[in-house]
Each structure stands twice: as C-alpha cells, then as structure tokens.
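J.: Residue-level listing of the chains:
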Amino acid sequence: MKHMFDYGMMKKAKGRFVTKADIFLLLGVLLFAFLLFSFFYLRREPGVYAEISYDGTLLERIVLSEAEEKYYLIGAANAWDAGDISAVSGDSKIAVYELSKEEWSEWSEHVSELAEKKFGDYNIFLCKDGEARMLSSNCPDKICVHHSAVSAVGENIICLPHRIVIEITGGEEAELDGVVN
Amino acid sequence: MTGKKMAWLGFLLALSMILSYIESILPFSVGIPGIKLGLPNLIVVLLLYLYGGREAFAVNFLRILLSGFLFGNLYSIIYALTGAVCSFCMMLLIKKIGCFSITGVSICGGVFHNIGQILVAMAVVETAAPAFYLPVLLIAGAFTGFLIGLVASRMLPYIS
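Chains A and B supply the protein sequences, listed in that same order.
For the first sequence, my numbering gives the first residue as 4, with consecutive numbering after it.
For the second sequence, my numbering gives the first residue as 38, with consecutive numbering after it.
Hints were generated in silico from the structure; no laboratory data involved.
Watch out, some of these pointers could steer you wrong.
[Stated by the list, open to error] Below, a sample of chain B positions facing chain A; criterion: calculated Cβ distance under 8 Å:
no., residue
1, 88
2, 175
3, 190
As the structure is a computational prediction, the values presented were derived from the model and not from experiment.
All residues carry an ideal CB built from backbone N, CA and C; glycine is no exception.
This is chain B alone, in the form it adopts within the complex (with noise of 0.2 Å):
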C-alpha cells in the first residue's frame, strides 16, 4: 500500500464518520423508523469505483466500528454492520454486472440496506411485523439511493 494510497484512505474514512455524524443530527424522524438519508453511503460507492472492494468494506467496517462507539451504542454498531454487509454485497455483485453506473449500484445499496435492516429487526423480535415496513423503506432507499448516486457520479471525475 503505497502513502499516498494510505492518505487517501484516512481521508475518506474521516470524511465518511464526519457524514455518519451529520446524519445521526439532523432530524430526519417521519414517524416511520429505518428511514434516513444514507450519507456514508457516498463514500462507500465512491472506494468501490476509486480502489475496489476490499478498500470500501475496509473504510465502511471502520467507519461503523468508529462512528458507533463515538456517537452510538454496541446495540447500534451490530443493526448498522449487518445492513452494511448485505447492501455492500448487493453492490458488489450489481456492479459486476456491468450495464450499471454508479447510480445503479447506489439505489441498490440503499434498497438492500433497508431490506437487510428488516431481516435483522425480524430476527431479532422474531415475528414478521417489521416486515409491514417494506413498501415504505423500499420506497425510500430507492430515492435516497437515488439521490446519493447521483451525487456520487458527477464527484467521481474530479477526484480519481
């Protein structure tokens, strides 16, 4: 790992817990629980374009880890990382595909964020309540997803 590739990392890992923290402020409540704006997620899908996968799970992993014990609890560090992990591999998996432009890859992170989410509240509470939500957190990780890939997109070109 070169220094400069190091720097870099730092950066964006710093970055991406300033964002973590923007969001855990803004009074982003609906009434409706799971919904919010993904922040962090930008700096996600722009590792996976910049350096690849390892580099994004790497900084997303620290990021929740970091941002967790700073602004969260352990409760809150375990809900994140499992919605973490199953919209990374989503977005993997759909950026592989190849028709897909980094906006793609984001809606689908947001989707499979919130669907991860659900599976883990109904695993938790072990009934399929939380599942009432899924219309609604579809919805919404669909535009935030939306919204955050094409932030993403026209950043890309300015920064790699």
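Chain A extracted, bound-state conformation (with noise of 0.2 Å):
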C-alpha cells in the first residue's frame, strides 16, 4: 500500500487530483439544486386529485382523500365488457378501470397473466389515506411499482415505457400543472 501514496508518483500526475474550479463548480451544482429544492418541496399540500394521464392527456382525474382502498386499473380500452368499467375516455386507447377489491384480491395470485393476457401493457395502482401507489406493472424496469406512495401536490408516479404519469394535483391550482402541448 506505501507505494501508493508515494509522494514522486504523484507528482507525476499531469494534473492535479482536484482544482478549484472542480469545487465551485460542485457547489454551484448543489447551491442551484438547494434553491431549486425550496422552491419545489417547501410548500408541500397534501393533493386532492390523482390525475391519470397517457401520452401528456388527462385519462381521469381521481379524488384521493377517501378514506377507503380504492383499486384502479390503466390498461387497453375496451378491454373490459364488465359493467364496473369506471371510466373509458373519448378514443384514447388506454383506459382507467376501477377494480372492487374482491377483484384486486382474487388477481393478485397471478395477476401479471391475467391482467396482461386482458389489457395488454397495464398499470394497477391503489388509493388509499389519500396517498396513490402503483402496486403492479408489466413494464421492463418496475420503476413504477419501487416509487414510494406519493400524496403532496406535484408529486408523482411514472412509468415511462407505458408513458403514464400518476400526478398529484390540488384543489384551486388545477391551471398550473404544466402540460405541454
């Protein structure tokens, strides 16, 4: 190990191991997120709606601060011929599905076979003490279903490869939610 920290051997090193310039630039990186930290979380509300969208359009927007488990179901529209389809938006062709919990429990064994051989590409999530959590997906990487419960405005859940976001929204500042067009 003396070798190591030979102090010749060091010197030989073109540059050096770290510059000023390294560290201001580290702490500028940090300074910039710190402020930008404040700005995003300081404020935290507890949110109102879970807003489901595919594609940068809103599929549904779901009141959050019920007190019972609700369980929803994003997957391909039309899929479910069953009268507890919650809701089935114009012609998107993904659709949100409210599941009973009799449903959620009898799926859950094999849920993967029996939801992807019906939806295709599908996300479940739960509702609950009015946070939102994706319990399961068929996406590659699971991301989705690793993200912790989310409950305060602006935060949320997203499962790139199925391009869906679960966002948590307030009550008056619907406007502000920053959907691009």
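With the hints as a guide, bring both chains together as one complex.
T.: Encoded structure:
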C-alpha cells in the first residue's frame, strides 16, 4: 500500500486531483439544486386529486381524500365489458378501470397473466389514505412499482415504458400543472 | 490503430461492461427513480484523458449496446444512450475549458446524464412531470460524479 501514496508518483500526475474550479462547480450545482429544492418541495400541500395521463393527455381525475381503499387499473380501452368500468375516456387507446377489492385479491395471485391477457400493457395502483401507490405493472423496469407512495401536490409516479403519469394535484391550482402540448 | 491500443480499448470495454453489470445488480433503489452510482462513467472519463473523445465515445456506445442486450432491453438501451450522449458532450466541452480536472469533468458528466434523462422522460410522457425530480437528481448526479471523479483522478497516474 505504501507506494500508492508515494509523493514522487503523485507529482508525475499531469493534472491535479481536484482543482478549485471543480469545487466551485460542485458547490454551484448543489446551491442551484437546493434553491430549486426549496422552491419545489417546501410548500408541500396534501393533494386532492390523482390525475392519470397517457402520452400527455388526461385520462381520469380521481379524488384522493377518500378513506376507503380503491384499486384502479390502467390498460387497453374496451378490454373489459363488465359493468364496473369506471371510465373510458373518448377515443383513447388507454382507459382507467376501477377494480373491486375482491377482484384485486382474487387477481393478485396471478395478476400478471390475467391482466396481461386482458389489457396488454397494464398498471394497477391503489388510492388509500390520501396517497397513491403503484402496485403492479408488466413494464420492463418496474421503476413505477418501486416508487414510494405519493400524496403531496406535484409528486408523481411515472411509468416511462407505458408512458403513464400519475400526478397529484391540488384543488384550485389545477391550471398550474404544466401540461406540455 | 496499434495492437496495444486496441487491446487496451477492448480491456476497458470489458471492464466497463462488468461495472454496468455490478451497477444493475446493486440494490441501490431509494424510491426515487434515476439515482445510481454511474460506475461505468469511471471508464469513460479515464478514456477521455487516456486517448480522447472518439475512443471514449466508441467504448461507451459499445458498452451501452452490449450490456443493454445482455442485462436490459431495447427500451433501456435507447434511454441510456440519450443520457450518455448528453453527458458525453458536456464532458468534452468542460474538458476543453481547461481549469477543471478529471473530477470536475466527472461531476459534469453525472449532472448532465441526469438532466438528459429527465428531458427524455419529459419527451416520452409529454408532460413536465419528470422535472419534479430535477433537484434531487442534480444533487445525486453531482455527488456520485464527484466520487467517481476522485477515484478516476487517483487511478489516472497509474495507467497512463
């Protein structure tokens, strides 16, 4: 180990290990991030709605503040003829369905095969105690499933492979959600 | 291209693929998407200093393609490539400025990899929602880039 910290060896290095500019760069990025951080997160308000969008178009706005557990599935439109379809929005290829608790617990054992057969690409999420959590998805990376539950305005769960966004929004500030056209 | 250089590039490509693999099996999930160590970037910054932009880009491109097909899928390849291109261009730029060492170049790479991925995510879902992760990912990118850069700066004298 001694030779690793040999001074002569170190002097041979063309550049220095860390320059002043490096430290300024690091501190600059951190300062900028903390400014953004306080701007984004300090005014945390509990959300009122969970907005589900696909490809940038809003599919459904679900009221969050209910105490009861509600299970929802996002999948191919017109895939489920049963009466408990909560919404099929317009001519979108993707729709949001409401599952009963019985359906969820019945499905959860082999939910992937069942849901995949019926809905193709699917995401199942749970709204409970004012927060939304992704429970299951057949996307390749499962980042949305590992995401922590979201409850404050602005927080979101994104499933990039399925181009699905679940975003928490507040009551009055619905216009400030920044939908890019 | 001399045989010696080709052997070195092949060796470093293999090494960066191993680092990709190690990163893919590390349980580094903290509930926030996009935070990772960026171990393969160690090889990219070293190559930038050892050989130059073309070699570093070629090895990085092949690394993403090969490890993507081995441990990932087509979707993750496209996603990783855009982040890599974004961070690579900025690293080249900041290396040209001259007052930054390999550590600063690595910080820049980490930060802009994350910025690139947020931009891709915004383009894919067509909303501004991914920008919500910008502050956290800036901090994470700066820190991991700094650590990788420190390691790279200490390795460089021994392999050049």
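J.: Should the interface hint for residue 190(B) be scored as holding, given a Cβ-Cβ cut-off of 8 Å against chain A?
T.: 4 Å, holds
J.: Does the CB of residue 88(B) sit less than 8 Å away from some CB of chain A?
T.: Interface hint status for residue 88(B): violated (14 Å vs cutoff 8 Å).
J.: Using the nearest Cβ pair, does residue 175(B) come within less than 8 Å of chain A?
T.: 4 Å, holds
Checked against the numbered hints above, the structure violates only hint 1.
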